[in-house]
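Residue numbers (the numbering used here), protein chains in the order written: chain U, 1 to 358; chain Z, 1 to 262; chain B, 1 to 188.
Hints in this document: simulated from the structure, not taken from any laboratory.
Treat the hints with care, as some may be off.
What the hints assert, rightly or not - Pairs of lysine-lysine, DSS-like flavour, derived with a Cα cap of 25 Å:
{"no.": "1", "chain 1": "U", "residue 1": "255", "chain 2": "B", "residue 2": "168"}
{"no.": "2", "chain 1": "U", "residue 1": "202", "chain 2": "Z", "residue 2": "254"}
{"no.": "3", "chain 1": "B", "residue 1": "168", "chain 2": "Z", "residue 2": "198"}
Quantities reported herein were computed from a predicted structural model and do not represent experimental measurements.
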Amino acid sequence: MEALRHTINAFATPTTIYLSSVALFAIAMWKMEIVVKPLVMIPVVIVTVLGTIFALTDDHFFKLVTLPDNIPITIMLATVGYFTWYALKKGVENDKRLSENRPLIEQEQDRRVMTWPNLVYIEFICLIAITVFLIFWSIGFQAPLEEPANPTVTPNPAKAPWYFLGLQEMLVYFDPWLAGVVFPGLIVVGLMALPYIDPNPKGNGYYSFKDRRLVIGYYLFGFLIQWVLLIVLGTFMRGPGWSFFGPFQEWDPHKVEALTNINLSELLWVKLLNIGLPKNILLREGVGIVVVLGYLVALPPLLAKTIFKKLYQELSFIRFQIMCFLFLAMLSLPIKMILRWTINLKYIVAIPEFFFNI
Amino acid sequence: MNSKLKQIQKQIVESQIWKSIFRHGMPDDTRTRAMVVLSNVFLHLHPVKSREAGIRVGYTWCMGGITFFLFLVEAVTGILLMFYYRPTAEYAYSDIIALREHVPLGIMRELHRWGAHAMVIAVWLHMFRVFMTGSYKPPREFNWGIGVVLLVLTLLLSFTGYLLPWDQLAIWAIAVGSNMARATPFLGHEGPGASLLKIGDMNLVHAGDDARFGLLAGRMISEATLLRFYVLHCIFIPFVASILMAIHFWRVRKDGGISGPM
Amino acid sequence: MDIKEELKPPQDSVVVEDSYHMVTRRGFVSWLTVGWGAFAGATAIMGAAFQRFLFPNVLREPPQEFKIGFPNDFLEGVVDLRMQDKYGIWVVRGFDPATSQTGIYVLSVICTHLGCTPTWLESEAKFKCPCHGSGFYKTGINFEGPAPRPLERFRVVLAEDGQVQVDKGKKFQYEKGEWTQPEAFLKV
Numbered sequence: 001m002e003a004l005r006h007t008i009n010a011f012a013t014p015t016t017i018y019l020s021s022v023a024l025f026a027i028a029m030w031k032m033e034i035v036v037k038p039l040v041m042i043p044v045v046i047v048t049v050l051g052t053i054f055a056l057t058d059d060h061f062f063k064l065v066t067l068p069d070n071i072p073i074t075i076m077l078a079t080v081g082y083f084t085w086y087a088l089k090k091g092v093e094n095d096k097r098l099s100e101n102r103p104l105i106e107q108e109q110d111r112r113v114m115t116w117p118n119l120v121y122i123e124f125i126c127l128i129a130i131t132v133f134l135i136f137w138s139i140g141f142q143a144p145l146e147e148p149a150n151p152t153v154t155p156n157p158a159k160a161p162w163y164f165l166g167l168q169e170m171l172v173y174f175d176p177w178l179a180g181v182v183f184p185g186l187i188v189v190g191l192m193a194l195p196y197i198d199p200n201p202k203g204n205g206y207y208s209f210k211d212r213r214l215v216i217g218y219y220l221f222g223f224l225i226q227w228v229l230l231i232v233l234g235t236f237m238r239g240p241g242w243s244f245f246g247p248f249q250e251w252d253p254h255k256v257e258a259l260t261n262i263n264l265s266e267l268l269w270v271k272l273l274n275i276g277l278p279k280n281i282l283l284r285e286g287v288g289i290v291v292v293l294g295y296l297v298a299l300p301p302l303l304a305k306t307i308f309k310k311l312y313q314e315l316s317f318i319r320f321q322i323m324c325f326l327f328l329a330m331l332s333l334p335i336k337m338i339l340r341w342t343i344n345l346k347y348i349v350a351i352p353e354f355f356f357n358i
Numbered sequence: 001m002n003s004k005l006k007q008i009q010k011q012i013v014e015s016q017i018w019k020s021i022f023r024h025g026m027p028d029d030t031r032t033r034a035m036v037v038l039s040n041v042f043l044h045l046h047p048v049k050s051r052e053a054g055i056r057v058g059y060t061w062c063m064g065g066i067t068f069f070l071f072l073v074e075a076v077t078g079i080l081l082m083f084y085y086r087p088t089a090e091y092a093y094s095d096i097i098a099l100r101e102h103v104p105l106g107i108m109r110e111l112h113r114w115g116a117h118a119m120v121i122a123v124w125l126h127m128f129r130v131f132m133t134g135s136y137k138p139p140r141e142f143n144w145g146i147g148v149v150l151l152v153l154t155l156l157l158s159f160t161g162y163l164l165p166w167d168q169l170a171i172w173a174i175a176v177g178s179n180m181a182r183a184t185p186f187l188g189h190e191g192p193g194a195s196l197l198k199i200g201d202m203n204l205v206h207a208g209d210d211a212r213f214g215l216l217a218g219r220m221i222s223e224a225t226l227l228r229f230y231v232l233h234c235i236f237i238p239f240v241a242s243i244l245m246a247i248h249f250w251r252v253r254k255d256g257g258i259s260g261p262m
Numbered sequence: 001m002d003i004k005e006e007l008k009p010p011q012d013s014v015v016v017e018d019s020y021h022m023v024t025r026r027g028f029v030s031w032l033t034v035g036w037g038a039f040a041g042a043t044a045i046m047g048a049a050f051q052r053f054l055f056p057n058v059l060r061e062p063p064q065e066f067k068i069g070f071p072n073d074f075l076e077g078v079v080d081l082r083m084q085d086k087y088g089i090w091v092v093r094g095f096d097p098a099t100s101q102t103g104i105y106v107l108s109v110i111c112t113h114l115g116c117t118p119t120w121l122e123s124e125a126k127f128k129c130p131c132h133g134s135g136f137y138k139t140g141i142n143f144e145g146p147a148p149r150p151l152e153r154f155r156v157v158l159a160e161d162g163q164v165q166v167d168k169g170k171k172f173q174y175e176k177g178e179w180t181q182p183e184a185f186l187k188v
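With the rest of the complex left out, here is chain U:
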């Protein structure tokens, strides 16, 4: 038991967890027809349940998971996991029906039924179930209350509400103006823009997968990996000083992470050319600025000619540009993560004089 815990602790780093999640995600996207089968899912559920029971035998993990404010995360994980599987299973089922020219699940129930009692009673039962659930939850877990507010003593770690922990985790890799302002703004704008940049008329009003593989992959990557996974990392594995801890590792406030991150300009001028940083800001950060502009401006036309060729023909020019911008913005997080893990890169463009760091 103890040995297993140590192995898991040793294995669990932001890098391994993130990369293995992305790998699993890619496999699921690739072989969805097989992944959603009960034959695959039942063992997954059993392993998850057994793993959770095993994990709960650890004092530290138990304390962390049963913190009142962390209960919703468990509920969220369970429901999001279940409904993801459920929606994809239905999508795969509908795909199969379409390919066999059979009517969709939704088309089989195309009757119009009286709202009273059919719909109203469903809502009524739902409402009662939710009320009962909430009452039990409220009796079982007291709402958290710590010491009175003291603006001069920061608790360690200090965390945002759990639903914003994905953003807080992003702060490790990006400055507040990006992680806290620009990216949340882009998430909102991107979600609102979704109906206008998804040109696919298929899959309207029924569960499907194959016909919408690209957009579903896009959305699920954003939701499951960039949002939910980062919340889990931020809640359960970020301890004092925002240091990373394995799931069964005591939170030691003196954990030292000997990490000194360097900027691209330092890497270039000091380490590579060995002549020291130039005084002129534009000269100093020139390479970084070119890289970022190239990423945002030069890459879209390139994508239009290569992997997004078909999409470029379906979308108008402006829609394609917006889609590409949002796509590249989303991709910038994993890119920055990998740069941090491999070459300890802090900023690509570092102009602290104007609070402009990327």
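Dock chains Z and B against the given chain U, drawing on the hints supplied.
Relative to the frame of chain U, chains Z and B by itself:
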């Protein structure tokens, strides 16, 4: 005995009071069932008839309805909590303790807090369901946009409420969250571009007038912030959210009801 | 002659109207523009006024300028945490590499990353921020974690009565080269 009861029932149902409230008999046939939906202002959100596939829990997961119901739970428990809670630095914390220790039914705050968390989850799942069934596609693009705004408002409601207990958890979560506003491009005094906005030697954007200052009503989290978040939490955001919810529900009807295969 | 052409107005006909009430289409449109423009302008001004309403003029916050004691109250090489709760500052007496002098400088307790209050870890000789793990040396220079720049220093001078006076209204930022300015540092 039975006939006596029947007679009483008949007297009630045929009284002027009863008939003034209920315009239809027992909903046991198609006509009266339609009347129930049409003559009730709340049920009137629904059409008289619905697509069978669309009302299945397996299709909608009932998540939109649950979200709305949780909003109502939050409104009711929130109003009840307001009877005891005073948004001042002096009283806020002790009022929260009193809600637990002295006030009857000591789980009101728990209902409110857990209901809020549940609502956040329900909104995500509702959005996820709408995405997976492709229900954001024409003609429902606009309503999807309204829904995204409602999602943001739900998170903001939860966020503003987080400060009100006025404990360490509250102010530091808000400190971490609101400090990002300092870094808003051009509008925050530590945001890129802010230092370019100046007349001569005078900075136009500084700690005393930037986005964070507006949010916190001061340079730091103080009693003014508590009051500000209280008003945002209890009145302003629910007010805006209610208007948008009305639009959201109305557009569900107008854009063809609960979605189904086009 | 088909019906469409019949519906077209004759090209050379002149519509004669009562000259007193006559408003030409162009005139009407331009008045409409002025009207709507004025309405939009007034609404914008009102919106700006409402926004200004939310920015208070008077703050109930601690004073920005205060005296913290005599220079000899502060020990050489020690990071003084006594003023943290009351004024939100750390007072350090010792050698300052920025000016290559020995004296007193006053650091802001606000982490430059997201504004949490770092903790002074004596054994590791650094300020460590609990929120995201930024680390700062005793001088305020950032060396680890996500903090983009060093801690800020406040104006520190000797008052007439010989006490050390701190003014939080004037801050000095290292990355702007301000630490070498005279009032960023009190030579003792």
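Against the structure, the hints:
| no. | hint | verdict |
| --- | --- | --- |
| 1 | U:255 / B:168 | violated, 33 Å |
| 2 | U:202 / Z:254 | holds, 22 Å |
| 3 | B:168 / Z:198 | holds, 21 Å |
Of the numbered hints given earlier, the model fails hint 1 alone.
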